[in-house]
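Colleague: Going down the list, the sequences are from chains H and F.
Residues 1 to 467 (our numbering) make up the first sequence, in order.
Residues 1 to 203 (our numbering) make up the second sequence, in order.
Treat the hints with care, as some may be off.
To be verified - Examples of chain H residues lying across from chain F (beta carbon under 8 Å, computed): (1) V17; (2) Y33; (3) H186; (4) V264; (5) T266; (6) F268.
To be verified - Covered stretches of chain F, as calculated for chain H (at least 3 residues, CB under 8 Å): (7) 29-41; (8) 70-82; (9) 145-157.
In short, the hints are calculated from the structure, not lab data.
Predicted model, so just to flag it, every value in this text is computed and none were measured.
Note that beta-carbon positions come from the ideal geometry of N, C-alpha and C, so glycine has one too.
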Amino acid sequence: MSVQLIDKFAKDLSPEVAQSVHSGSKVKTEKRYAILGSDYPDPDKLRKTAGLVKQHTLEHLDTYLEEAEASLKRNGAQVYFAKDGDTANQVILDIMRQNNARKMVKSKSMVSEETELVPFLEKNGMEAIETDLGEFILQIDGDHPSHIVTPIVHKNRRQIAASFEREGLGDYNDDPQTITQRARVHLRKKYLEADVGLTGANFVVAESGRIALVTNEGNARFSMAAPKIHIAIVGIEKLIPKDRDLALFMSLLGRSATGQQLTVYTQFIGGPHALNQPDGPEQMHVIFLDNRRTEVLASDCREILRCIRCGACLNVCPVYRQASGHAYRSVYPGPVGAVLSPLLHGKNFPEYADLPKASSLCGACNEVCPVNIPIPDLLLRLRNKAKKEGAKKASVNTPGFKMWSYLATQPAAWKTAMKLGHAMNLTPHALLNAAPAAKAWQSSRTLPTFKGGSFRKWMKQRSAKKS
Amino acid sequence: MSDREAIFKDIRAALAPLEGKQTPYPEWADELVVTENHPAGLDKRVDRFKYRLEAVHGTFVQGMPALRDWLKAEGLTKGYIDPTLKEQFAADLEGLELETELDRSRIDDYTFGITRGTGGIAETGTIILTDRKTSSRLGALAPWVHVALIKEDEIYPDVPAAVAAFDDDPSIVFVTGPSKTADVEGILIEGVHGPGKQLCCLI
Ligand code: SF4
């Protein structure tokens, strides 16, 4: 039963990983809190304003998307629209083929994880190399990210050193400085050989067509300095109205994600390179991806589309801290993933219907969210959706509501989280919020089996490796 | 129906029930996002800039002779420089082996890169680079040391002011400290893909 999957993951975590996920989360949460508190008299006002800007944009998405398309074209970019991940991947492959391109360097992009771009390109004879240090390590290990911002928080230096040794990147050496240096040398060659640099986008400004991209490592800069073609794959929800809004979102993103005033590199891209500039892309292609975002927009959970992927809700979440990111079995882990993943899976919603339940509804995710997403409310709405959609299947063996059945179907992680939630002195109305959820729970307690999808294949391999 | 049409159709259908009830754009003042969080006495913009630059592990240098001394003290003699700057500062940079064209096949031969910055941000210690002023994107990125030359009056007070000054340059980059990662066990390492040392030299 999938409800137990999250517990299984929590239980399977080595004490080391559990420790590093927990301490990493704690450090980031504290840093975030400290910097927002010391920099602003009223950080809540910032979060709320940013939330409203995003909500406003989403509620006028047709207008802003059209405006962005026109601005991008004016800047000399080619614009594409893709209803689903397969189409987006195909567009990218076509661009590469038309340009006789064979090699791609890739910056971190959660959207390309969604579309499973790298395996697709590899299957079609292309080379696609992840350049973010963490993502690069995941790629050589055939692993998946477990956090939006710090993708390899589940790995330690000894595992990484062993992988580097295996891949011929040098003798075993687990000094983080050496690991980083070796990746620098290896990836530098890849940038210089690459035909295409692929990035995501943190924001796209409708007014100017500027794409904002943030990295600490500089890999997105390199991907746009060496190769001659730039492709950006962007979820349609990434828009903001004006350049001016960038100041608001930049101020929140770095502080919320890593406790930095600004992430080291923030790039604002408005087309191919300038005429005087010898380096950088001659072509810029932007692909807007739907992949069920319009369904989310039509749902009563559309607020989740405000998300700017800062990871703060993961770091603060007592369930994530126990279970780590892979327990969410999807591209987006943690509280944001508990809402987004089931929705982005559409018809396969039931496979992920347990995720919204793996929350103590303690409210911490809402409090830290830079765009003020009411995640606990959305989780409740999803539980109701699960109840409705799972009704047929679940009704067969559903007993009447009894306390024991209610407790029996809760992930253990949830129960511990409740205790932790109190220990952490988070919002006291957690219990109040949990009460209506209990009702939703009882009728969907026959849980769907997890079926299909490459994540499952990966999980199988993962379990096989472990045993 | 094309994917474009399908997406717009679905967006409009999703938004139809909200007609007339949409969230208005919340007007906000620049002050909302500006921080005044710095030690007392840093009244001059350039002092705040220096303070913040150093806080993010950047290096502040005053004038070209000081830069030359810094490079020599670090044992760095061979590097890339913007051709215009080489001409302009020839006298100050004596003793350094400077190339004005970046040869990609010898990318690791350049121990430093000197290019013209477009400005700075006092609030955050940020250096602003733009495509029209940067002579080579790679020259400002690949070497272990990057030096951006800016003038004091090019420093903006804060992020909103810097954003308000955006023109149609196709690549504006905010650089706030050296390239870094904490991917391996959360340990801070500087110099991943970009410079391990980021300097700003006032000219
Ligand atoms: S939901 Fe909010 S807190 Fe969580 S990743 Fe998205 S923006 Fe950050």
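Colleague: Determine for every hint whether it applies to the structure shown.
Modeller: Verification of the supplied hints:
1. V17: violated, 11 Å
2. Y33: violated, 15 Å
3. H186: violated, 11 Å
4. V264: holds, 5 Å
5. T266: holds, 4 Å
6. F268: Since the shortest Cβ distance to chain F is 4 Å, the answer is holds.
7. 29-41: With 5 residues closer than 8 Å to chain H, the stretch 29-41 of chain F meets the three-residue bar; holds.
8. 70-82: violated (count 0)
9. 145-157: Our answer is that it is violated, as 0 residues pass the Cβ test (under 8 Å) against chain H, missing three.
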